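Top line first, the protein sequences correspond to chains A and B. Note that our numbering has the first sequence beginning at 7, numbered continuously upward. Note that our numbering has the second sequence beginning at 78, numbered continuously upward.
The set of hints was computed from the structure by calculation and includes no laboratory data. Values in this document were obtained by computation on a predicted structure and should not be read as measured data. One or more hints might be untrue.
Label-pair distances were calculated between CB atoms; the ranges are [stated by the list, open to error]:
#, chain 1, residue 1, chain 2, residue 2, range
1, B, Gln126, A, Phe62, 42 to 50 angstroms
2, A, Ala181, B, Asp129, 54 to 62 angstroms
3, A, Gln54, B, Ser511, 52 to 60 angstroms
4, B, Asp129, A, Gln54, 40 to 48 angstroms
Quick reminder that beta carbons are idealized off the backbone N, C-alpha and C, glycines included.
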Amino acid sequence: MSKSSRKIAILFILPVIIFYLVMAIYPFVSMVYESFTNLNLTMPHSGQFIGLSNYFAIFQDPLALSSIDFSAMVVYIAVPVEMVLGLVFAYLIRGLKGERVFRTLFLIPMMIPGIVFGIAAQMIFNYLFGAANYFLSFLGIQPIAWLGQASTAQFVIIFLDVLQWTPFVFLIIYAGLLSVPQDLIDAAKVDGANGWQAFLHVEFPTLKPLIYVALIIRIIDALKIFGKIYMTTWGGPGTATSSWSFYIYKVGVSYGWDIGYASALAVILLIVSTILVNILIKFLNLGEQLGISKET
Amino acid sequence: MGKYRFLLLVVSMIAVMAVAALAVTTISVVVSPDNGPSIQYLAQQFMQQNPDIKVDVTIISWETLYPRLLADLTSKTGIYDAFTWDVMTAGAMHSGCLDLTQYFKDHPDIIPAGYDMNDLLPLAYKLGTWNGDLIGLPYYNNTMLFYYRKDLFNNPTYQQQFYQMFGRPLRVPTTWAEAVDVARFFTQAYNPKSPTRYGIALMFPTTHTMFYMFPLFFGPYRTSTNGIREFGPVNFDYGTYFTSDGKPAFANQYGLMALEDMKALMPYAPDPLGSDYGQTIEYFAQGMVAMCPQWTNPYLQFASSPALQPASEKIGIAPMPGVSVAGNWALGVNKYISPEKQAAAVKFILFCTTKESGMAVLKKFAIAPVRESILDSPEAQAAIPWVSALPSIYQTEAFRPRIPQEPQLESITDVYFSKMLSGAIPMTIQSLQSLADQWNKVLAGGQ
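With these hints in hand, go ahead and build the complete structure from the sequences.
Here it is in structure tokens:
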């Protein structure tokens, strides 16, 4: 590239860089700084530097610690279920009569915002008027307080997450399945493999990198689960469905604008997500799988 | 030449429009859903009388309104010119609210002729103040009422059945202990002959609702002779939750008894831990429950419900078996806006709080009056049945804290109470003490 072309290129991308600096980098740096202060919008003269106090406080905050449980539950239960279901549906739907229609219908939940899911869930799982208890009554099952008991409220949130995000996993894997060269499958069949064997030994290994990518995206997203909780349970009963990100919202916005402490919580979430994702990338050897690892 | 003429015409039109637009002051008013329709109605009336002021009303949910307002006032951005604010957030909001006492002193002409400041109920007025400054004109004197099914309580068959079961007459409960028996009687799982599925609609979710439900049960203990002797009189800024010298007053046998009273009613309520404001209104409106502690304005929803017709025979209203809790709203003006906007906003909130406006929104939207003359008015008493009951209810109300730390205290408390009621942590004085410790940390300035 010539020097003048480079200048023009830089000129073109400059607005984006400025936008990124102002809208992403500056708030991020500001958040990290504020995590070391006692900034609280309800308190005049707050914002003094207090070192690591906010970080130490997190380890003594029972509400923060209890919100780890539900975040972990979403990652450990919802994400694997989404991965398995996404894979199964992608496998089953391929070649089915009406494949296009199914595919379109299947993607609808993914397009619906979490907030809308939450509102719908409030209606579906209402104790007296909800569809869930109505249909269960045909089986002779007594009404269940879906949103009023810890275990059922957790089930509802996880169910909603699975319902919303299985299509995302499906989409990635389905696209991957369609891109597997037909020659490979035909060759396997000529060698005597049945459909399942061809999938297991030919298609699945080809899909692995995509599955890993979907897994990592889902883990990052599951750690940030918020909308469904906000609209459905508000983290309750107690802290049964309070995720880390929901707790950040409560501390930082909804109740009290304790910006310093909420920033520390957010920094912790960022660190945990980054470490987790890096471990996964290393463990799954993702760089090599995708062919993007640095050559030595 | 024709081209230039056309251009001149367009430019002139734009100039005229711009001048017209500049002549109109637009104010942005943000309100909670409780107050929304009534403020929208008043805005229309106000604009008809004041064509030079345009009022844009935005309705925002309670959960979002407070943080947005607080962010606007603290950052001094001046997005909202006027707003309804929950009086319990006075401590947190005051720094961004215009001091109306001073404003009225500086601009005496802005107060319309006939606007009677002395007619405003002293309690409602006081709730709009902070540190002696009037930071909001009282708008909605909301309080909690005990709705019950008048037809069922007056039914001789049920009266007889109740007497057979409990050996005393069926009557509207005056204590929570009495309410337990009545709730049991009207719950089909415990009394198959009950005309309603559940006895009472309770809302104990892990939201701010929990924070105002607890004082209904704790209030009677806190304001009892023993309570006053041990904790002193209720301090207006710290509220019922605190001792008179600002220490948590609930980490003791009184707090525990209040929670036990709440727990005792739970078997007779549909999903109390998972139900909130909207759900409990629906349960009572659909005739599913016999009793329902609720705020004043759901009355109109009950009165229009087909399941509760004729409303005058089916909807009974009584004071709370314990004490009620204040849920007042005030109308404030942003300190950080231009003088023109401030003047327009002050004009608007004055208009909203006149006697005429108060009467209109009472009749149309069941907005509890802030003026003594309306409470005393036979017209108002005939329009909404709870009006005549309000003066005695206001005298014994419980109050939530108004100190700046209120939102944080509320957030912690909702979780603790929900955990205790659901059995996730033991319902003991130790658990209450651990909550009080959390409060003390917040009050001391830590998390």
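Hints, verified against the model:
no., hint, result
1, B:Gln126 to A:Phe62: 42 to 50 angstroms, "violated (58 angstroms)"
2, A:Ala181 to B:Asp129: 54 to 62 angstroms, "holds (60 angstroms)"
3, A:Gln54 to B:Ser511: 52 to 60 angstroms, "violated (28 angstroms)"
4, B:Asp129 to A:Gln54: 40 to 48 angstroms, "holds (46 angstroms)"
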